[in-house]
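K.L.:
In order, the protein sequence lines correspond to chains S and C. So our numbering is basically just the index in the first sequence, starting at one, shifted up by 50. So our numbering is basically just the index in the second sequence, starting at one, shifted up by 50.
Since the hints were derived computationally from the structure, they do not count as laboratory data. As the structure is a prediction and not an experimental result, all values here were calculated from the model. Check before you lean on any hint, since a few could be wrong.
If you want a taste of the chain C side facing chain S, the calculated C-beta under 8 angstroms gives, among others [unchecked claim]:
#1 L97
#2 Y123
#3 K127
Beta carbons are placed, not taken as given, at the ideal position from N, Cα and C, and that holds for glycine.
Number of protein chains: 2
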Amino acid sequence: MNSFKIHQQLIKDTHNLLLLNNINILLHKNASIPWIILVPITNKVELFEIPESQQIIIQKMIKQISNYFISEYKTEKMNIAAIGNIVSQLHIHVIGRNAGDACWPNVVWGNEYTFKEYTENQLTQIKMALQQMPHIR
Amino acid sequence: MNSFKIHQQLIKDTHNLLLLNNINILLHKNASIPWIILVPITNKVELFEIPESQQIIIQKMIKQISNYFISEYKTEKMNIAAIGNIVSQLHIHVIGRNAGDACWPNVVWGNEYTFKEYTENQLTQIKMALQQMPHIR
Numbered sequence: 051m052n053s054f055k056i057h058q059q060l061i062k063d064t065h066n067l068l069l070l071n072n073i074n075i076l077l078h079k080n081a082s083i084p085w086i087i088l089v090p091i092t093n094k095v096e097l098f099e100i101p102e103s104q105q106i107i108i109q110k111m112i113k114q115i116s117n118y119f120i121s122e123y124k125t126e127k128m129n130i131a132a133i134g135n136i137v138s139q140l141h142i143h144v145i146g147r148n149a150g151d152a153c154w155p156n157v158v159w160g161n162e163y164t165f166k167e168y169t170e171n172q173l174t175q176i177k178m179a180l181q182q183m184p185h186i187r
Numbered sequence: 051m052n053s054f055k056i057h058q059q060l061i062k063d064t065h066n067l068l069l070l071n072n073i074n075i076l077l078h079k080n081a082s083i084p085w086i087i088l089v090p091i092t093n094k095v096e097l098f099e100i101p102e103s104q105q106i107i108i109q110k111m112i113k114q115i116s117n118y119f120i121s122e123y124k125t126e127k128m129n130i131a132a133i134g135n136i137v138s139q140l141h142i143h144v145i146g147r148n149a150g151d152a153c154w155p156n157v158v159w160g161n162e163y164t165f166k167e168y169t170e171n172q173l174t175q176i177k178m179a180l181q182q183m184p185h186i187r
């Protein structure tokens with residue numbers, strides 16, 4: 051799919067970390083809440099429309115990223131979602147939430163909360179951690 | 051798991067339609083937006099923590115329910131999510147959204163929108179449709 055381009059809104063909101071298994075791994079720029087967005091290279095808009103083999107890879111990535119958030123950020127509850135009301139391009143949110151975080155207990159979508167930048171060092175560490183995940187390599 | 055009970059908040063918000071494959075199928079009481087909530091019988095709180103065989107059944111249910119919403123309500127975009135910030139008991143939202151629906155383009159969680167009751171006849175029809183789905187029976 052040569053014509054595939056990540057939606058402008060997603061580009062604006064995220065750091066583009068990696069492209070692995072035909073899935074773009076984006077990190078939301080707001081470091082207040084650990085939030086990865088998976089954007090598979092497809093023109094389908096629903097997760098159940100893409101090939102099952104790709105769905106399985108995405109589920110494995112969700113699990114690995116969740117375990118990383120749990121160990122790194124002491125995440126208490128994951129928020130996993132495919133919504134797409136505003137950006138219909140298929141993208142899956144993998145968000146680590148904690149009681150008392152900047153948006154708790156509200157969902158992050160449509161709610162404003164304190165902005166915090168990632169440092170270059172943090173971005174490098176997250177990228178390295180992702181690259182070392184067995185189901186992501 | 052004899053001690054399993056559906057969380058009071060979920061009971062309050064939904065019609066309990068069916069228990070199939072150890073998964074409770076609840077329908078949100080607000081008929082403005084078609085919204086099913088799947089509550090597997092488990093004490094785990096994350097989807098990736100339950101057995102893979104059960105995860106696969108849930109993914110198949112999501113697909114069937116989505117196709118039902120698309121054919122019955124002309125749904126344009128599905129919202130699929132496991133959140134659990136308020137009710138941590140594992141439950142998966144399967145929501146059919148349309149441009150211009152009562153909450154569009156906002157997410158349903160944490161947002162108020164017009165309430166509409168299901169009729170008894172509608173409830174019976176939805177239950178029958180669910181029972182006829184090949185991956186739900």
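K.L.:
Looking back at the hints listed earlier, which ones does the structure fail to meet?
P.N.:
When the structure is compared with the hints, only number 2 turns out to be violated.
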